[in-house]
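Colleague: Hints in hand, dock the two standalone chains.
If you read the protein sequences in the order shown, they are chains F and C. Everything in the first sequence is counted per our numbering, starting at 1 for the first residue and increasing by one. Everything in the second sequence is counted per our numbering, starting at 1 for the first residue and increasing by one.
It should be emphasised that the hints constitute simulated quantities derived from the structure, not laboratory data. Take the hints with a grain of salt, since some may be wrong.
Stated by the list, open to error - Computed spacing ranges between beta-carbons, pair by pair: (1) F:G174 / C:M364: 55 to 61 Å; (2) F:G37 / C:G247: 50 to 56 Å; (3) F:G174 / C:I206: 52 to 58 Å.
Unchecked claim - List time: in silico SDA-like cross-link candidates among lysine to any residue, alpha-carbon distance up to 20 Å: (4) F:K34 / C:P202; (5) F:K38 / C:I206; (6) F:K38 / C:I199; (7) C:K345 / C:P379; (8) C:K347 / C:S337; (9) C:K18 / F:R90.
By construction, the Cβ of each residue, glycine as well, lies at the ideal position given by its N, Cα and C atoms.
Here are the chains, one letter per residue:
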Amino acid sequence: MVILKDLPAEELFLPGHRHCSGCGASMAARMALKASGKEVVVTNATGCLEVASTIYPYSSWMVPWVHTAFENAAATASGIEAAFKAMARRGGRSRVPPIISFAGDGGTFDIGMQSLSGALERGHHMLYICYDNEAYMNTGIQRSGSTPHGAATTTSHAGTKLPGKPEWKKDLIGISISHGIEYAATASVAYWNDYMTKVKKALEVKGPSVIHVLAPCPRGWRHEPADTVKIARLATQTLYFPIYEFERGAYRLNVKVPNPLPVEDFLRTQGRFSHLFKPEFSSEIQKIQDWVNANWARILNLCGETKT
Amino acid sequence: MQKIVGLTGDEAVAYAAKQSSVDVVAAYPITPQTVIVEQFAQYVANGEVHTEFVCVESEHSALSACIGASLTGARVFTATASQGLALMHEMLYIASSLRCPIVMAVANRALSAPINIYADHSDMMGSRDSGWIQVYAEDAQEAYDWTLQAFDIAEKDNVMLPVSVNLDGFTISHSMEGISVLEDDAARKFLPPRPISYIVDPDRPITIGAGNNPEYYFEFKRQQEDALRRSSKAVLETARKFGAISGRKYGVLDTYGLEDADVAMVGLGSCMGTVIEAARRLRKKGAKVGAIKLWLYRPFPERELLRTLEGLKSLVVLDRSCSFGAPNGALCSDILSTLYSTNLKLKISNVIYGLGGRDMTVPMIEAIYRRALRQKKQPLKRDVRFVGVRE
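Excised from the complex, chain C in its bound form (with noise of 0.2 Å):
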């Protein structure tokens, strides 16, 4: 049984923390994730969770508790978005080195400067090479099944590994939404809590977080990259787990209208679904277009995306940041390693879009999509435009 419930996206993450036994969560505000804080702070002020709720006086500091947290073997959340990631960046690194496996909400926001509130990908793309396994919410209800399943996926044994999942900016951590959401009893059978197992420990003293020389701190580096890799596994399995208990199904990517497409677009987030949207229309008329929307950006899922591809004459990858001076944007260039190795000949183009909280509506979607049906060969220079600017 599942009842549907009228939530924000930073609401309906806060809901999935709270029904995932966390120990602690030491966070602080940032607008669009502060709802995510707030509502917390509510449920422990009602004694509705056994959570310790550290306070504290930066991103910094709120990671820096996270991994003391989590090493001591605690389940561990925050919630952070644009300067303070940024903030965090040092942290970043070291949780996922440290084998921390803390859930975090990103509530994605553009970077100063000039400040800016609203929504684009700047700050996970700032940190893509962190470590992190990281995962998109198209809407509240991703929101909500991905935070569920992320501490499933991080505490893995094979894994251990912090996870990030990613909701874009007021799109989706303002907008109220009829989300499902699991029973409490449900949630904590797909979830039980962590077991009761002390890492730091007076009876077994170790030492976490040792100086490395040019001996050894190689091979660390080489095993977390193993660790990453073998997750995407792990993500498949959770998400198999969480679909028998919730009926909605989730892996490393989606598709849509790929059957008989021509064209697609591949992209992160909130905009996938303004996406689909306009291949609906497009594809009443007869377009062969479709669209990929990858959940999992770390590990990249190259092998389940070149799947898709077979088919395909030309794909847009869809880019909300920018990767200042690099050939094209992040997930464009990563598209492009992955299609090197392959026979796969098909149009590449990319399209900046939607940075500092710049809407990206249906019209300007399906102009893109004419405009790849209407290209007859890939140019010889890149084709990397920046899409709803005034230029």
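Chain F with its partners taken away, still in its complex shape (with noise of 0.2 Å):
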């Protein structure tokens, strides 16, 4: 496990950014960076990080950083891998740096998922990571793939009659096990220790590897900036988003959470499930607690838990 005095001082993702306080994605991006150090090369998804990171003719980033379109950072990188490869074979550098691509949750779960898959498929040495703010964020705050069940958003609001979005958040770290890889995780800005060693683990494999990170959002959450690493702790306390990983078909729990609060105190601190304290739609709070009790016992038994 990574530990505090071992991390390098120097920042590879520089502040004076224009993200916004208490932004969760710059975390995942400046916590990736201390753990990967400078010898990596980002490909970086349309999305919030994207754009934030690098209004022309500033940059945050010290490492070479390649955005070419939204739905694309894995195939971007895919070809980056493949340059470095055959001119090895001619006479240029032996060695290849590992590829550290991100992308949001709609670059990932919705637009970039086909990508994704030929990348993973296909079997790139390169790391891919999610920070998963769930919904399109740099847009203004509308729903994709990964938008929980309940939440409110410019696309999926709550109404009158509609308690948010109808739909469930689609099991990213299902689908790229899926595809025969050998590491995937999930990991949280709240837990950085964890979410660092995972980054320095991705990277030695010999192969592709996913990491999806949950990445809060103030203003699409609508909660205080200064919530954001204890709203995302509350995630992985309420058993809404679990801390696991899978490592050549095993699965291991990273984070136990022996005393489990309800759900409810997750979702009590964000201004996007507020109307679900309301008597119309009292009982989707109930349909959320069971969506995460059937989640996490699936996810226990993955993992060879008993109990936590």
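Modeller: If you want it as structure tokens, here you go:
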């Protein structure tokens, strides 16, 4: 496990960017680069992280960074890896630097799913990090395939009839593992040492790996910027976002939760769920609790845990 | 020394790519381009090339991977057609804007709907403003020659733009011809491997593809336009260099019979061989007709084209795509706007032909020439005709 005194003081993701106060995505990027060191190449899907960190002529990135479009961070990385390999065969550098692709949940769960799937199937040596803020925050909080049931967004409003998004969140890690990759994990900006340890571990894998990191968005989730880490931690302590990993066929629960809190405690902290506390939608909270319980049981089972 | 080999257009393009020391090929199958990629995959399987072949899951990812590879510093080749080119559309602009010298063969094919796998130019014309250098081959020999030349043009320091080499689907892509190919050594002398230099480089990190606001975006676009305009000179330089090694003369356009012609026909691609044959037959009977074949479509060779038009009384412009709702076909619109600023007075008519692989035969072309020879004055309304269609 990474410990604080081992971390480099050097920042590879520089301050001065235009991310909002309390932005989880920028924390996820900064931590990942502290773990990776500077011998990496980054590709970035269009999204908050891309647009707020590189307004020309400024850049926060002290590593080579490439953005081409929204749905293709993984495909762009495939080409970079191929170029390093081919050029090595005719006298170029023998070492292919690890490639990290950053994409939000829109760029991963939705529009980038095909290019991610293709890259995982082809087996490129790359780490794909999805920073999940559970909606299209860059364009103004529209629902994605990752937005949880019941969350209000600007395309899944809490109306008089509908209680926010009717559908449920996709299982990104399950989809990723189904490609036969060696390493996949969830992580959270609240558990920095777990996340950074996973980045290091993923970069050691000879092939593709995926990290799904929960990155709260104060604007979209409607909470105080100072509460980002607290709310991310609550997501795990209420069992809403379990932290686990998959490594060569074995699952491991990384953050045990001996005294889980009700999911209501997580929902209550955010404006996007405030309508669920009105009498007309009160049954939704139980539905979400049922989903959380079933998902937790499934993950405990995968991890071979009988209880936490 | 060159040898004559029997190759289809697709095979000829693959052979040229093999002789081009390509580092990365990322491609996705689509008729009638498929043979190019299949053939190249065979070279990879046999260890005849050092290329990293990335067999992607879509054309969008094909060009995305090509862009990633090109930005790293690799020499990159791909091929597509029709719907595949349409799916790449977003990335076409990004390839040219990030100044990636990618070479892409396009086996021109009609666009759906209805789905049709045969030749026309709707695919590339739909992307004509994407900032790519666009050349059109008349036959398999030209497809081979242009593929080799395309890398040399694209990678010039003052160009650094992608090039599409267009060959008509089936008519060229699947027709076998005896073509002259360079010896590998000669090809390598003409086109050495791209010098090893990393642009995406952890030792010298740079940010590529940063967000741009109104303060800077316009300047990038202006520089891009300047580079594309400059590239016509690069095309001529490369053609001279290639001519010296191959004995085959290229440039931005080719002409036939213009020394005394009253009427000429201008167009792109495989049809121009048929046009020249029709002109030859008519000239035997004393008709003063000629032809202009454009090799280069973007950047549009205005100056060279105008030079060929002096002395003509009438010009027929052949368009193998339909610009729905526009006053004329795409090529005709370009020629009309080129002529507007000159004193040249010649009658212009526009023929839309060959959509979805419909044949354009010698008698059809002779009839078009005869009509133009008879025509005494420019009609007041626009003169656009669809030839070879049941109406």
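Colleague: Against the structure shown, which of the earlier numbered hints fail to hold, in ascending order?
Modeller: 3
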